[in-house]
Amino acid sequence: MLKELKKQHALIWAFANRDFATRYRSSVLGWAWSLVQPLATLAIFAAVFSIVFRVQAPVMGNGKTSYAAFLFTGMVTWNLFSGLINLSITQLKSNGELLKKVQFPAYTPVLGASIVQLIQVALEIVVLLGMFLILGNIGVTWLMAIPILIGTAFFAQGIGLMLSIMNARFGDVMYIVSVLLGALYFLTPVLYPMSLVETHSSALAWVVKLNPMSWYVQAMHDSMYTLTAVSFLEVAALLVGGLLVFWAGFVIFNRYSEDIGEML
Amino acid sequence: MSDYAVESTNVGKRFMRSSERRNSIKERIVRGQGKRAEEFWAVKDVSLKIPRGSVYGLIGHNGSGKSTLLKMIGGIYRPTEGTIASQGRIASLIELGAGFHPEMTGRENIGLNGSILGLPRKEIAEVTDEIIDFSGLREFIDDPVKHYSSGMYVRLGFAVAVHMKPDVLLVDEVLAVGDEEFQRKCFDHLYSLRKAGKTIIVVSHGLGQLEALCDEVAWLERGSLQEIGEPTDVVASYLKRVNAEESARNPLAEAKREEQDHEGGLQSALRLKSVQLTSTEGNVLNHAETGTTFTFKIGVTLYDTVLGPNIRVALQHESGPLVTMISNHRLGFDFSYVPAGEHTVEIDLLDNPLLPGRYRVHVDVFDHTGAKLLDSWNEAAEFPVRSGSGEIGQGFVQLPAEYRMN
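Protein chains in written order, with our numbering: chain R, 1 to 264; chain Z, 1001 to 1406.
Next comes chain R alone, as it looks inside the complex:
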């Protein structure tokens, strides 16, 4: 896999360049738009859930609490996951004309698009870091966030590759996935802390705990928000788990993408 990816890196970059160059080319504010949407969502959700539903955020590493910071930590992780999946799923269709006419590895436009999506995530992370700096919630446990986010990205990309080849064959996959992602969002402790579910329903808590995205989001909460150390084993598991899912997604994708020219 690595050899293959290395061989195709120029083409992956060429697609990334294309998507980067064209993403906001015809809009005036350009990349600023990529932050407007998550920040607006953050503001609305923070207002609704902390004021209306009175969700209590856990205590931060510096002893204070901030629901907005808690929410944004989870959102950044979730957006990384859902952003990569949503983008990957449509890539084969949107590059269909090309794939039908020229022979090249079909995963290259998918991965190229994802690279550009990572820039968006990086911008969100910068905002998150700024937020924590202002709140004075800083710690060495932040370093743990790097492998956790990398694990999340690979995990999401692996699933994205599988779903993208499925969507090329069955056009309704993308609609099913958007419904499922919507449901999964609420089964991930982004809007609420884990403790809140545990006090209300142990059955529901189990469901939330079985959701792999909960593991990534909780690990991010620990390292960025509460500044508690995540065990080395857990970080390693999240990273290796993500890589394994990516490998599986890559293998499955290549197995079924041989006839991509006819499928589209």
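Since the hints were derived computationally from the structure, they do not count as laboratory data. Mixed in with the good hints there might be a few duds.
[Stated by the list, open to error] In the BS3-like style, the derived pairs of lysine-lysine whose C-alpha atoms are separated by at most 27 Å in a straight line are:
hint : chain 1 : residue 1 : chain 2 : residue 2
1    : R       : Lys-3     : Z       : Lys-1185
2    : Z       : Lys-1122  : R       : Lys-6
3    : R       : Lys-100   : Z       : Lys-1165
4    : Z       : Lys-1185  : Z       : Lys-1195
Fit chain Z to the given chain R structure using the hints.
Relative to chain R, chain Z alone:
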């Protein structure tokens, strides 16, 4: 290394009829696997050896499998059976500018397209200038291609594809791009690629073009190979089949004249009744072929004995001009006394000199003095002339001529 750039062995490609394909999960669930989808072999048992450095043509009807075969050679389709071995980089002119992104400039698209076609970044940088010059779009190269005209689009696409240093170039019906000047440039470039030992595989309906360009031609029909060989031979037998099929499909019904046409008209001793095209063997034709003798059969009814009628057949090209007028008096055929009754006049047009096109037939009959019109039938029939060789020619007729060099 093998002497063949591309070698296909018993290659076949099967498609499932698209109406039967379960394209959505709902259909799968609702209709299940159902009966086995209907199979359709687009290409069947095709074995070709395409020599390195040759220009190879593929001909056949629409849907004969030429493009499917080309896509298999290009690696876009996988053969259902058989194998295709090819050597070197294959670049495809199947769809020009397929990889262009409308928001990106011409220059950016050259880079992207080059990467997609598999050229290393460094080499792309080297040929970019050449591509810009070849396309003749230097002025516009830094504008987004969405502002390009369709002609500019294909010019850039062609320029990119031929500069990707392909060992095998696949060309599908794209030789008709751009204006006359650009087309010439394209052909010159194809010739220079051939001279450089590159292999070119062309699919085209321009038979004359193929004859001029190709070293070898293969003819496909319903997915199977019909004939491989010298371009002139293969094109001739292909055309023979096409023309025969056309005749079989809709033989020219005898053009019969309505009775009303006579009414109130000439109180004449002679009436033109019908016009027909036949082959020399007497089969009714719906078209004539350049260079092949055919016969006009004109049915006439005589109510009285007529002395030496002059039967004139005027042929008018569809675009308007009168091409020629054939007259038995001028050619020295005298029928003297023709008794009353039904007669058929047969006029052989020897080695049909008419070039491909549509022609209208007007028939006039005069008496022996040439002064009295006995009957006149305007637009009695209209018939197409087809090429027998793939050559279309210029003008309306091909006059018999001989050349000598002294």
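Cross-check of the supplied hints:
no.: 1; hint: R/Lys-3 x Z/Lys-1185; verdict: violated (41 Å)
no.: 2; hint: Z/Lys-1122 x R/Lys-6; verdict: holds (17 Å)
no.: 3; hint: R/Lys-100 x Z/Lys-1165; verdict: holds (22 Å)
no.: 4; hint: Z/Lys-1185 x Z/Lys-1195; verdict: holds (15 Å)
Of the numbered hints stated above, the single one contradicted by the structure is hint 1.
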